[in-house]
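These protein sequence lines are chains R and B, in that order.
No gaps in the numbering here: position 410 of the first sequence is 410 in the numbering used here, and each next residue is one more.
No gaps in the numbering here: position 62 of the second sequence is 62 in the numbering used here, and each next residue is one more.
Worth flagging that the hints you see were computed from the coordinates, not collected in a lab.
You may find that some hints are simply not true.
So, partial list: chain R residues that the calculated Cβ filter (under 8 Å) puts toward chain B [what the hints assert, rightly or not]:
id : residue
1  : ARG175
2  : ILE190
3  : GLU303
This one's a predicted model, so the numbers in the text were calculated from it and none came from an experiment.
We put the CB at the ideal spot given by N, CA and C, even for glycine.
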Amino acid sequence: MNTLLTSIDRFFFRKISASGFGLMRISWALVSLAYLLQGLPDVVRYYSEDGLLPESLGYLVFRTDYRFTLLNVITDPTAVFILYLLLIISTCYMLIGMWPRLMTIISVVLLCSFHERNLQPLGGGDTVLRLVGFILMIAPEIRAFSFDRAEEQWKHWKVRGILLDPLKMSIWPYRLLLWQILLIYITSGIDKLTGTMWTDGTVVGAVLHHPHFARFPMWWMDILSVLSPFFGYSWLLFEFTWFLLLIPKNVTRIVPMSLRKHSLKRWLILFGVLYHGGICILMDVGSFSFAMFTIYLGLLVDEDWVVIRTTINRKWKGSIIVLYDGVCHLCQRGAFLVLLLDNLHRLSLIDFRDSAAKKKVAPELHEEDLDRALHIKLPSGKTRQGFDAFQALCWHLPILWLKVPFLYFPGVAPIGRLVYGKIAENRNKCSDGKCKHK
Amino acid sequence: MGIRSAGKIAIVLFCVIHMAAVGAYAAPDYIPEPLKTARQKIVDVTSPYIFTTSQWQKWNLFSPDPLRRVVTFHIDRETKEGWEEIDVIGPDTVAWWHKATELKTIRRMEESEGGANLNALRERYILAYCKDFADGTKLRLRRLYYVIPHFETLPTIAQWHAFQPEWTQDFDVQVTCPST
Numbered sequence: 001m002n003t004l005l006t007s008i009d010r011f012f013f014r015k016i017s018a019s020g021f022g023l024m025r026i027s028w029a030l031v032s033l034a035y036l037l038q039g040l041p042d043v044v045r046y047y048s049e050d051g052l053l054p055e056s057l058g059y060l061v062f063r064t065d066y067r068f069t070l071l072n073v074i075t076d077p078t079a080v081f082i083l084y085l086l087l088i089i090s091t092c093y094m095l096i097g098m099w100p101r102l103m104t105i106i107s108v109v110l111l112c113s114f115h116e117r118n119l120q121p122l123g124g125g126d127t128v129l130r131l132v133g134f135i136l137m138i139a140p141e142i143r144a145f146s147f148d149r150a151e152e153q154w155k156h157w158k159v160r161g162i163l164l165d166p167l168k169m170s171i172w173p174y175r176l177l178l179w180q181i182l183l184i185y186i187t188s189g190i191d192k193l194t195g196t197m198w199t200d201g202t203v204v205g206a207v208l209h210h211p212h213f214a215r216f217p218m219w220w221m222d223i224l225s226v227l228s229p230f231f232g233y234s235w236l237l238f239e240f241t242w243f244l245l246l247i248p249k250n251v252t253r254i255v256p257m258s259l260r261k262h263s264l265k266r267w268l269i270l271f272g273v274l275y276h277g278g279i280c281i282l283m284d285v286g287s288f289s290f291a292m293f294t295i296y297l298g299l300l301v302d303e304d305w306v307v308i309r310t311t312i313n314r315k316w317k318g319s320i321i322v323l324y325d326g327v328c329h330l331c332q333r334g335a336f337l338v339l340l341l342d343n344l345h346r347l348s349l350i351d352f353r354d355s356a357a358k359k360k361v362a363p364e365l366h367e368e369d370l371d372r373a374l375h376i377k378l379p380s381g382k383t384r385q386g387f388d389a390f391q392a393l394c395w396h397l398p399i400l401w402l403k404v405p406f407l408y409f410p411g412v413a414p415i416g417r418l419v420y421g422k423i424a425e426n427r428n429k430c431s432d433g434k435c436k437h438k
Numbered sequence: 001m002g003i004r005s006a007g008k009i010a011i012v013l014f015c016v017i018h019m020a021a022v023g024a025y026a027a028p029d030y031i032p033e034p035l036k037t038a039r040q041k042i043v044d045v046t047s048p049y050i051f052t053t054s055q056w057q058k059w060n061l062f063s064p065d066p067l068r069r070v071v072t073f074h075i076d077r078e079t080k081e082g083w084e085e086i087d088v089i090g091p092d093t094v095a096w097w098h099k100a101t102e103l104k105t106i107r108r109m110e111e112s113e114g115g116a117n118l119n120a121l122r123e124r125y126i127l128a129y130c131k132d133f134a135d136g137t138k139l140r141l142r143r144l145y146y147v148i149p150h151f152e153t154l155p156t157i158a159q160w161h162a163f164q165p166e167w168t169q170d171f172d173v174q175v176t177c178p179s180t
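So here's chain R without its partners, still in its complex pose:
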């Protein structure tokens, strides 16, 4: 009995990284925001009493029992539009992570209210967003990668010089999310087998030729349709393979280690990104692909982050020494931010005012030079300073990867150096009494 209770306790309450759910919160907000903004011109038309579906015709579209929507009481077109704007605002706060719990609840309740008001424009992606939103609302920890968390980190780092331990949460919301994605794929797969076109391999060709969905000209779809059986059967295989995740780990121990060491879940997520990404590129199916990517983020746990980091760092050796001014408030903020974004764990921050620490890592650099600009020392021994240091650092901070190409546009570097120089020049003209040197 004790063993059973321990197993149940572990199954529902073992601690996992909360990073996946933090990213899922951000992704949910981003996807919702994109489609909410796209839908702004149609708000009154789709969701108000003056639009396509007045309440008197509602019985033709939605159920009447157990239907909760704020739009049952808010029917005036102007009020509906204002409520939609409130939804957009709360989603923005949810995205950046200010009051994440409250903003998540508001965003999910409002989104569900709009969805329940008119089902006609909704697609599979909208359903996924509702389901995931509910899990986010009840999950015990969604503050990872949030503004609120960053503030807590800053307070801790200022005093202790190190970041807080990563956030953890009980695994039960992850179990709910995994169960949800299994339902999506398995029930969908079963349904497909009851037809004829999925089994005879002609389905993808037909779908690609439907102009309501096709993004590209038909002559291009004619060519792609030759691959219809491959895409169709591999999609069915992908959907049913998720079923294997229901097999308990102590049963999979019989599988040879050479196969067991690779995570089936990660491979399925990778193929899912490829499949849904391909669907998104070729077809307009609303938010479905992006909503599924949102679920995938929530399924990433501790060992997945380790594998992702190890894979990206497989050719990386050493660390980048970042020398910053530990008595300058602005520099402290900058160093803290860089540390926060160091998801690949490649940086080592050193306060150059600590002579012993500085001598250990960069004895050749003089304090006067370090005082003029941020310096970094790469594992190769080369140093970079100022804007060039920032440019080099961006390659190693995943959240800034999208920025990297822009930093190499013609003209950006000279302007960057100029701007950096001005900021560095003025950083010591502090009026808060925090820029005293030893």
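Mind docking chain B on chain R? Use the hints.
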């Protein structure tokens, strides 16, 4: 029993009920007995929870077979010279930013679960055009559609190239613009 243990039991019970509820709701209707009876019992008990929390779901996107009917809505206005087309709602005419939602809306206006007559919805749809016309103007909905073929064997590129849609037209609902 401490509060912590009670809390854990409550969470476990909630998870089990939630997973059973969404699982039963999402499961197809045609599963064999005794699963079908068990499913129906669970759905009957948990549907208030499923509906109130908007957890309802059916994953029949492009299944059992994908949608092959391609429809466009044409709005006509009656003039002295006859009927004049004033708008087309189709894949080539709807703006990109609401193509998915608008085309889904017109498709859903044709579908009906349980055979309910959706004429009133389509009438409402074309009544929206009355704001541009005088009272008493007659508007009608004309639908053009074709069906993408289901080839019995995998078609070649040439067969797809050769495919020409066979459009069918039908005259649907008609409204008279009311006085405001």
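Against the structure, the hints:
Here the hint on ARG175/R is kept, as its CB sits about 6 Å from the closest CB of chain B, short of 8 Å. Checking ILE190/R against chain B by beta carbon gives a least distance of about 6 Å; that is within 8 Å, so the hint holds. The closest approach between the C-beta of GLU303/R and any C-beta of chain B is roughly 22 Å, which is over the 8 Å cut-off, so the hint fails.
Violated hint for the displayed structure: number 3, the only one.
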